[in-house]
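Protein chains: 2
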Amino acid sequence: MNQNKGVVLKYGGSSVADPQKINQVADRIIKRKESGENIVTVVSAMGKTTNGLIDLANEISLNPNKREMDMLLSTGEQITISLLSMALNAKGYKAISLTGWQIEFLTFGHHMKSKVQSINGDILRKYLDEDYIVIVAGFQGIDETGDITTLGRGGSDTSAVAIAATLGYSCEIYTDVKGIYTIDPRMYKDARKLDNLSYEETLEMASLGAKVIEPRSVELAWKYKVPLYVALNTNDVKGTHISEEGDKMERNSITNVSIMDKILLVNISLVTNDVELINDIFVKLGNENVNIDIISQNKFSKDKFLVSFTTTSDNKYIVSEVLDKLELDYDFIENVSKVSVIGNSMRTQAGVASRVFEILSQNCIEFHQVSTSEISISYVIDDYNIEKIVGILVNEFEL
Amino acid sequence: MNQNKGVVLKYGGSSVADPQKINQVADRIIKRKESGENIVTVVSAMGKTTNGLIDLANEISLNPNKREMDMLLSTGEQITISLLSMALNAKGYKAISLTGWQIEFLTFGHHMKSKVQSINGDILRKYLDEDYIVIVAGFQGIDETGDITTLGRGGSDTSAVAIAATLGYSCEIYTDVKGIYTIDPRMYKDARKLDNLSYEETLEMASLGAKVIEPRSVELAWKYKVPLYVALNTNDVKGTHISEEGDKMERNSITNVSIMDKILLVNISLVTNDVELINDIFVKLGNENVNIDIISQNKFSKDKFLVSFTTTSDNKYIVSEVLDKLELDYDFIENVSKVSVIGNSMRTQAGVASRVFEILSQNCIEFHQVSTSEISISYVIDDYNIEKIVGILVNEFEL
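So the protein sequences, as listed, match chains R and D. According to this note's numbering, the first sequence is numbered sequentially starting from 54. According to this note's numbering, the second sequence is numbered sequentially starting from 54.
Please note that a few of the clues may not be correct.
If several chains are the same, the list does not tell them apart, and a pair holds so long as it fits within one copy or across any two.
What the hints assert, rightly or not - With a Cα cut of at most 25 angstroms, we get these calculated DSS-like pairs of lysine-lysine:
| id | residue 1 | residue 2 |
| --- | --- | --- |
| 1 | Lys119 | Lys74 |
| 2 | Lys242 | Lys179 |
| 3 | Lys291 | Lys441 |
| 4 | Lys166 | Lys246 |
| 5 | Lys276 | Lys168 |
| 6 | Lys166 | Lys337 |
| 7 | Lys357 | Lys144 |
| 8 | Lys179 | Lys119 |
| 9 | Lys58 | Lys315 |
| 10 | Lys242 | Lys352 |
| 11 | Lys291 | Lys84 |
| 12 | Lys369 | Lys278 |
| 13 | Lys144 | Lys369 |
Just so you know, these hints were derived from the structure itself, not from any lab.
All chains, full assembly: derive it from the sequences and hints.
Right under this line is the structure:
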C-alpha cells in the first residue's frame, strides 16, 4: 500500500484552456508525481466553456430548468478531465479521470448552488494506492436522488479543498495570477503580493470580491485546517500561503482592497413601511436562490419609503419576475461595483471608516450604499469611479 | 399508475443540431405526448459535436486512451438531453433528462465499442408513471466497474431499440432522410422509398453501408421483435416500417444497393503462406478492436503471397502500428468504397452475381475485392467509379 503523503492540485479554466495548455499542466503534474507525492488534480472547464454552455441554454430559455442546467454545465469539467488524463496516459503515466458521481461527491441544497455533503475517499484512495494520478472533475456532484448538481461559480476551488480535507492532503490552487495581492493587480499594477495570510483575512477578501479564490473554499479549508497555497499556474513565482495564523509581521491596518463588479442595485418604492411585505419580498427572492447582499431602508417623505438591496447582475431576470408578481414599483441601477477595504487590524484600530468617508467626500465620489463588518467596509460605487477610488485608497493606505 | 402504451422516439444529430432544431423536436414530442402515449426520447450529440470532440482528443494524442475517449464523447449526448429537457420544461411540460449511468445502462466488451448488457427499466417506468417525458442520452452506458462506455458510431439507434425492448415499446427512428430507399437518395435522386422491410433485409442493408440505420440496432430489434419505423424527422412523409415479415408483395430480386465509403484496403506481402503469422496478424488487430471486413489471399508467384483485408479508414493509424511491430511489408489503398447489391430473393434466384460481374467488365470498372453472402454481393471499388456503377446498377435492376 502506498503510504505517501499527497496533495490536491487545482487548475482553473485559463490553465486548461486548450490542448496545448492541458499538455503543459500534464508536464507540471508529472514533475510533482516524480517527487514521490500522491497526486489528485481537480480541474475546471476549459477556458470559456461554461459561458458557452450558459449561452446555449439561454437560446432555449432565459430561465432554464436548474436541474437541467447542472446536467448541462457538468459536461464542461468532464471534457477537461478526460483530455488531461489522455495527455498523462500518452506521456506514459497511469492516470484516471473521475466525475463527481464516480467519487460519490454528495451534495445538498439547491441545484446550481449545491453544498458539499461528503466524498467517498475510499474510491480515491483505491486508485492512489495503485499509483494512479487521479483527475477529478471540479464543480460537480450528485444529490441524494442521483441527480447531477453543481456548486456554483468557482465551485472547483471548493471541490479541491473538500477532496483535500477528505484525504488529509494539502491543497494548491493554480491560477492566472501570482498569488493574493493587496489589490487586484489587473486593477492596479503596483499592487503588492502577500506571502502569508490567515484564513479569516482571506475569507473576508474572497467574500468581498477578490477573485483569486472562492470564499466557500476558504471557509471549508479553515474548518478542516487544510493548508492552502495560491500561485501562478506555472509555479515559477512564489505564491501566497494561507493558514490559521497568516503572517502577523505583515499586518497593516488595511491589507486589501477588493472589488466586486457586476452588481445590481435594486430600489423598491413603497407607500408605507410595510414590514410584512418587505419580509415577503426577501422570502420570495430567497426561494428563487437570489443572494441578497447589502440591504438598506430609507424614508423619503411621509408616503415614500425606499428599500434597496444589491445582488449579482445575473439575477436581474429572476428579481424582476418576483417583483412584478408582487406588483411593486422598482428600478434597477446597473454598472455599479462594490469596493471593500479589508484588514484584520481594523478590529482594534479605529478611524478607518471615517478616513474612507472623508476621502470619498474630498474627491466628490458618490456612493449608493455602504455596509461594514468587523474587519471591512464596503461601498457601492458607479463603475466609472472605480479606477479613481482605487488609486486614492492604495495611496492612502500604502498598499 | 399510468398504464398507457408507449413509444421510444430517437432523434439523430442533424435533428438536434442547434437550439432552434431542439425546440422543433420538443414541439413534435409534445404533439405525441398530447395523444396520450408514454414517451421516451433518445437523442444523439448535436450536429458535428462528436467529431469536434474527437478532433480535440487527437490534438492531445493520435491514439488516445479509450476509457478516456468514452469519458469525453459521452458529454456530447449529455449536452443534448439537458437542452431538450429545458425546452420541454420551458414549454410547460414535465420532462427529465437521464444519462446512461442514471438508467443503469450496463454494457460489456471494449471501450468505444461496448455492447448492451441490460437497462434498469424500473427507473424509466418510475418517471413515466409520474407522467414525465423521459429524455435519455443515446450512445452511452457504464460497465461493471462504473466506467463510462460508449456503443460506437451510430450507437444511439442501439440505445433506442434496447430501451424499447426493455419497456415493451415500439421504436421510431427520426433522421434526415425520408425512410429506407432502394439506394441512398443522396447518391441517386430517383431512388424509390420502401414502405415495408423485413428485419433480415434491413440488417443486410445496414451492415453493407446503408447509413439510415445502424445494423446492431436492427439485430436487437429483430431479436426482441421491437417494431421499428424509420422516417424523416419532421414526420410529414410516410417512412419505412420494419417488422418480421416486411412486405412480400414488394419483393424484387434486388431491393437495395448500399455503399460504404471510407474503406481502407490493406495489402500485406508475404514470402511464404505462413498460416501462423496470418493468424497472429488478425489476433493482434482484433485485440486492438480493429474490425476486419473482406479478407482475401492470393499467391502471385512461388515466393510472393498477398493477404488483403478491408477495414474502416479510421483504423489506419492502429493498423500501421500493429503491422510495423510485426515488421511486415504492406501498403494501403485508400479512397475506395464497398458497393453491395442486396435482395432477399437472391437466395432463390440465381444469376445475380454473374450479371454484376458482366456489368463491371462491360463498363471497364475494376474492383479490388469481392465477397458474397446469401442475400448480397459486395465489391470494393475506387471512389471515382462509384457514381458510374450506381447509375448502371439502378438501371439494370430497376431500383
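Numbered hints the structure breaks, given as an ascending list: Violated hints (numbers, rising): 2, 3, 4, 7, 9, 10 and 12; every other hint is consistent with the structure.
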